[in-house]
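> Listed here are the chains, written in short residue letters.
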Amino acid sequence: MSHRQLLSGNEAVALGALHVGCARGTGYPGTPSTEILERFDELGGEAEWAPNEKVAAEVALGVAFAGVRAMVTMKHVGLNVAADVLFTSAYSGVQGALVFVVADDPGLASSQDEQDTRRYGIAAGVPIIEPADSQEAYDYTRLAFTVSARWKTPVILRLTTRVSHTAAMVQPCDAAETPPRPHFVRDIPGRVMIPGHARIKHRALRSKLAEIQKWNETEGPNRILPGAAAVGIVTCGVASQYAREAAPEATVLKLGMTYPLPFQTILGFLKDKAKRFVIEENDPFLVEQIRAAGGDVPWNPEAFRMGELNVARVKRILTHDASPEPVAPRGKPPCLCPGCPHAYVFEILKKHDCIVAGDIGCYTLAALPPLSAMDSQICMGASIGVGLGLRHVLPEAEARRVVSVIGDSTFLHSGLTGVAEMVWNPPPFGHVLIVLDNQTTAMTGQQENPATGRRLDHTPSPRIRIEEVIAAMGVKNVLTLNPVRQAVELDAALVKALQTNELTAIVARQPCLLAARQIRAAEQPSCVACGTGAGG
Amino acid sequence: MKTMKTDPTRNIRIAGLGGMGILTSSQVLAEVLFEAGYDVKKAEVHGMAQRGGSVASDIRFGRHILSPMIPDGETDFLLILASEEIEMHRPALRPGGVLIDARAFDAAALPNRKSLNIAMLGALSRHLDIPVDAWHRAIRAAFPEKLRDLNVQAFETGRNLPKPGDTL
Ligand SMILES: Cc1ncc(C[n+]2csc(CCOP(=O)(O)OP(=O)(O)O)c2C)c(N)n1
Ligand code: SF4
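Taken in order, these protein sequences are the chains called A and B. At position 534 of the first sequence the residue is numbered 552 (the working numbering), and the sequence of numbers has no breaks. At position 17 of the second sequence the residue is numbered 1512 (the working numbering), and the sequence of numbers has no breaks.
The set of hints was computed from the structure by calculation and includes no laboratory data. Treat the hints with care, as some may be off.
To be verified - Straight-line C-alpha distance at most 35 Å; calculated DSBU-like pairs for lysine-lysine:
#1 A:Lys-368 - A:Lys-291
#2 A:Lys-369 - A:Lys-291
#3 B:Lys-1500 - A:Lys-333
#4 A:Lys-350 - B:Lys-1609
#5 A:Lys-369 - A:Lys-514
#6 A:Lys-232 - A:Lys-293
#7 A:Lys-350 - B:Lys-1641
#8 A:Lys-289 - A:Lys-226
#9 A:Lys-350 - A:Lys-369
Full structure from sequences and hints, please.
The following block contains the structure:
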């Protein structure tokens, strides 16, 4: 009998995926989802970081087309990048199984927005399963694969920060499933989504969803937790924990599969309740659907779609307490580590009063005081396009101050197409791109990326040389400088670049302080082995 | 299979700044409580923890834990590693709750500055009914070989502190 273990939700997903025979896990790092693949690898699963979420999802889809089980992990905004894959893979369906594990971040602990992944389920026609704690993260991961395999459809397992990052008890189930053997079965009308095929597949998708909904009514992972009072609460995910703690006397319908919803079950549950509530985090996703189906449930005040819920906030909803909420005290914000190589670059940009079209990574902290040296940050890769747009229309004196700044992992995630744009449609006064190459994905805890020369498990891999790629794409001036040891040269190069009408890219390369030791350790053995030094 | 404890829920928060080892000490604490047969939840927000910002970890234990985060005013033990964080967390403490403040520690008495997080657990351990060898086991399991003795020693320093906690 397997032992009970204390696992975070992310670790529980990894274990569940292993036990259900997931043949390959792919993904791109992003808080709060990152540890899933790292754990899956530690447990002996086949795991890889892909350059971005879209590629990760495509690889996982290919694995599923080969008749075996795949998962792809990402944070909520990652699904925006992978959305193209999601929508049409819902039409094609899969041969093995495909689970999108997507972690939302209500309350914005470490994200640029608070979007609700469940909207994608409705939009794409993909079932959504929502665990509430680590045990359910384990059980529902297995369930998600089972549903996916049975209906040959992708499934979204929606996590939230508190599910991903709370450690709690897990009793694993002993029945490990034997994965099927990969085998290619040709299915041209099923997988080549030209209009004639897709029309048929769209209909097939809708009838699959109708079947899944029927299954969800009778066999789905939904539970009624009986209570004494005539108060009925419909809830899902971690919000169900707050609801049960806030109102131990209430009767609770806890939904595990929130799309397609079991409306008969819900309406039947609500019928004899004098007071009805829906407790959910983020958007009023359940409220909207239940009301549209004729259920008489109230809207919660708008304030509760923002930030994460907790026991106190749920009590407010349940008691219609509209008094102003206490402002949560703000902790000390994070800052760049003392001596961080990024800081040297931003000191120079600040000195020249540059207009910095920024990007996402540790370096975004340069937007905060004392540096206050970044002017925009929207989504991964946006630095290049936004910088070019500014350069196209600003008056010359301002246009010449615009610089795009992007990290190495972000550059390979979605900066390449930005460079293609820069070369193809150069602004009149040229442009300057700085790639902050700290040789790691620092922000999310030092993961490898295609330019580090190592894979997810830190073993050696071929390496993409950023400066060579940029030069090959047609940027005229490409320099590589060390921002710490060559700060003076970097300053001079920037000044010169801002004055010309040409395109310039500067790769500022110096390892992240926290990753430096790991990088040295990983590079040491290959130096010994090949005698050439793996640094370069 | 071991028997589960049936005590009512108790709540511990460990707070400080990134780099102080909060996540390590809360991991040790959660393992110790879990091994003792409690239902345990440990909630923390990762992400920017390494870059010097505020970090807090909530550990709840008892018979059956629901919310991962401690509701305000229900914290039984508040361990504060960075004194500037006290005011932010004071409302979390329940009346009569115990505040364990790093300032009660003589830094020079610790085997190493970095082991304050584990010394704080030593001070906390005096309030919990858990055998000392269970603590030692969990601490040893959490560190690489060369840091094990040092951290057990730090734990003992905290445990033998003359003033283990100030009651508020
Ligand atoms: C689509 C998307 N995926 C993932 C993330 C999470 N994330 C933000 S920045 C980043 C990578 C940062 O790495 P890099 O660009 O190398 O900068 P560094 O942190 O190393 O300075 C990641 C994974 C995100 N914000 N958006
Ligand atoms: S983790 Fe690395 S990249 Fe991030 S602030 Fe610290 S030194 Fe800089």
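> With reference to the structure, classify each hint as holding or not holding.
Hint by hint, here is what the structure shows:
no. : hint                   : verdict
1   : A:Lys-368 - A:Lys-291  : violated (61 Å)
2   : A:Lys-369 - A:Lys-291  : violated (65 Å)
3   : B:Lys-1500 - A:Lys-333 : holds (28 Å)
4   : A:Lys-350 - B:Lys-1609 : holds (20 Å)
5   : A:Lys-369 - A:Lys-514  : holds (14 Å)
6   : A:Lys-232 - A:Lys-293  : holds (27 Å)
7   : A:Lys-350 - B:Lys-1641 : holds (32 Å)
8   : A:Lys-289 - A:Lys-226  : holds (28 Å)
9   : A:Lys-350 - A:Lys-369  : holds (26 Å)
Comparing the model with each earlier hint shows violations of hints 1 and 2; every other hint is respected.
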